[in-house]
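Novice: Taken in order, these protein sequences are the chains called V and X.
Heads up: take any position in the first sequence, counting from 1, add 82, and you land on the numbering used here.
Heads up: take any position in the second sequence, counting from 1, add 71, and you land on the numbering used here.
Everything labelled a hint here was simulated from the structure, so no lab data went into it.
There's no promise every hint is true.
[Said to hold, decoys possible] For each label pair, taking beta carbons as the anchor points, the in silico distance ranges come out as: (1) X:K194 / V:G223: 55 to 65 Å; (2) V:P144 / X:K370: 31 to 41 Å; (3) X:F447 / V:R245: 53 to 63 Å; (4) X:Q363 / V:F86: 52 to 62 Å.
[What the hints assert, rightly or not] So these bits of chain V aren't anywhere near chain X, every CB distance computed over 12 Å: (5) P179; (6) L238; (7) G370.
Here a beta-carbon is modelled for each residue, glycine too, at the ideal position from N, C-alpha and C.
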Amino acid sequence: MSEFLQQTVNGLAWGSIYALIALGYTMVYGVLRLINFAHGDVYMIGAMTGYYAGNLITRGLPAGAAFPVVLACSMAVCGVLGFLIERAAYRPLRNAPRINSLITAIGVSLLLEFGGQLLFGADPKVFPPLIPEQPLFEIGGAVIGRIQAVIFAVALVLMAVLRFIVVKTRLGKAMRAVSFSHVASQLVGVPLDTVVSFTFVLGSMLAGAGGVLVGIANPKVEPLMGIMPGLKAFVAAVLGGIGNIPGALAGGLLMGLSETYVVGYVSSTYRDALAFVLLILILLVRPGGLFGKSVSDKV
Amino acid sequence: MRRTFPSVVFTLMWTVSAVAFGGGGCAKPGAKTIPVGEYGSLTGGTATFGQSSHQGTMLATEEVNAAGGLLGQKVEVITEDDQSRPEEAKTAVLKLIKQNNVVAVIGEVASSRSLAAAPECQKSKIPMISPASTNPKVTEIGDYIFRACFVDTFQGEAMAKFARNDLKLSRVAVLKDVKNDYSVGLADFFEKTFKAEGGEITVVQSYSEGDIDFRAQLTAIKGQSPDGVFVPGYYTEVGLIARQARELGITVPLMGGDGWDSPKTIEIGGAAVEGSYFGNHYAADDPDPVIQSFIQKFKAKYGIVPDAMAVLGYDAASLLYDAIKRAGSAEPAKIRDALAATADFQGVSGKLTMDANRNAKKKLVIMKIENGANKFHAEVKP
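Pulled out of the complex, with its shape left as it was, chain V reads as follows (with noise of 0.2 Å):
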């Protein structure tokens, strides 16, 4: 029993953090029904930049500061690489055919992977220890530990935020007008472009942050470690039903939770099996995700 409750909090740390890239690619969907595919790399950049933040601007702050501000300029930098990323790859296809701007997203891909073991060097790199290690609380037997706490409690705030923007703010209210019809809010006065670019923001953002909790949990980081994560969180996001915000962050959840139990009972071979055989029962069975189509909730 404990140690199906342990699976079961490593599972759901695992969960947020696909979760939090699941967000990014909802809602890119949700407003251009673009599969953005360098979201993932986004998330590494995300790392990378925690990486280097961690080593050089933190030094000599005290040990509670330092990881409130490696997550700040991380989700800074991948916020500014959002938007340049649509700005530069994907605005000018935005009247293509979408098979274009999906190919795009393929190639903005590649070269932020490969671009990245050119600038950061192939080799795996250890994060810095921002929050040292140490069991907080047990439950029945399943140890929380400091860290996890910590991704839980981020995890959350940042959805929270994110709720609270997408349902309360005009500019959410405009998002989720942008992903009911393009021509339709246009009509009514709703800039697009800013629109667009927010949305892109927002989700590498939660990308970023994603890459942190990533590198404080498992100190190794390196330019391709977004190519699974980044397949995951997709098809996480697909299972929840793509363009659904609550629906990411359950399905990425879900993901996390079936992985451990998996690898925990089954067996890590078919860790990645799995992701892919959910993948194809979810569109054999509810092509819409497990939360459907409801309008009402789109970002």
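Fit chain X to the supplied structure of chain V, relying on the hints for placement.
Specialist: Okay, now just chain X, sitting in the frame of chain V:
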């Protein structure tokens, strides 16, 4: 498709240049060098392996050339990076053989990459010496494939006996990398011997190279409450595994093989790898004068203490140069015969004799990680 004018011109130019420069190889007839190929992981997931062994190889080459070279000619080492990827290793070796016309090939450290490239050397009948691939399958590929290190059957046995008889462990869990020939082989030999010695393997869990989260496997291992965990993996994953194991409350000793030997193990693992044991090819704190004088030379050139991969890179190259000298010829077939006849060769990592299967018979050392450094713990003779 209709051929356009520019493409015709391009093809023509390409053909002309290929004919004119004869493929641009380094072994032009009459050249005063012996071309030797080296391929290794200078970048990628196991970059420190390739970089270290490259430094060792270059040091050996420099020494030979400073002493007048071989057969009156200088040795020229042509190095190819395989980016830690098996498919690239094959391409790299093909290039070395076909374009650079090398007489022998040194490489690779990792067994999975040696296994990908060795068939090409065997096919072209170019002798290949792996500095550190310990998986038995590597030299089984053919009679042109050699290694300068011990095999995993020996390493797995030695670690299992050490765990059972010296550490007095009775219930051990295994966590191996299923995508890695080295890891799978070493785990098998360990399990077999450990059971034969009366121990119990409580659970075998696996991961894949590149994974960063091992908590699910470790939680399952913790559920069996073993008194030791054998992790036959590479340094990139080992450090993370150790960290996460300690995080989940697994306090028993961790053990591994020569894949642990990299400064990154301690850098990534930190306090979590303290008190762990691993099998290795050499110990830097061994007082043996051969080893100490090598460390002096290496430090003078590179400014760091060599790890085992550097020592093996040096030994593999020295072995090859010794064979060329004894063969009195730089013909691949004669080099092969001389390599196969190697007996009691004094390498830095110990006295070495090639057995009938072209595997080096030599000693193994067991290292313990203490106060953030690898310390010599015990020695196992073949």
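Novice: Next step is simple, just say for each hint if it's right about the structure.
Specialist: How the hints compare with the structure:
{"no.": "1", "hint": "X:K194 / V:G223: 55 to 65 Å", "verdict": "holds, 56 Å"}
{"no.": "2", "hint": "V:P144 / X:K370: 31 to 41 Å", "verdict": "holds, 38 Å"}
{"no.": "3", "hint": "X:F447 / V:R245: 53 to 63 Å", "verdict": "holds, 58 Å"}
{"no.": "4", "hint": "X:Q363 / V:F86: 52 to 62 Å", "verdict": "holds, 54 Å"}
{"no.": "5", "hint": "P179", "verdict": "holds, 24 Å"}
{"no.": "6", "hint": "L238", "verdict": "holds, 20 Å"}
{"no.": "7", "hint": "G370", "verdict": "holds, 30 Å"}
Checked against the numbered hints above, the structure violates none of them.
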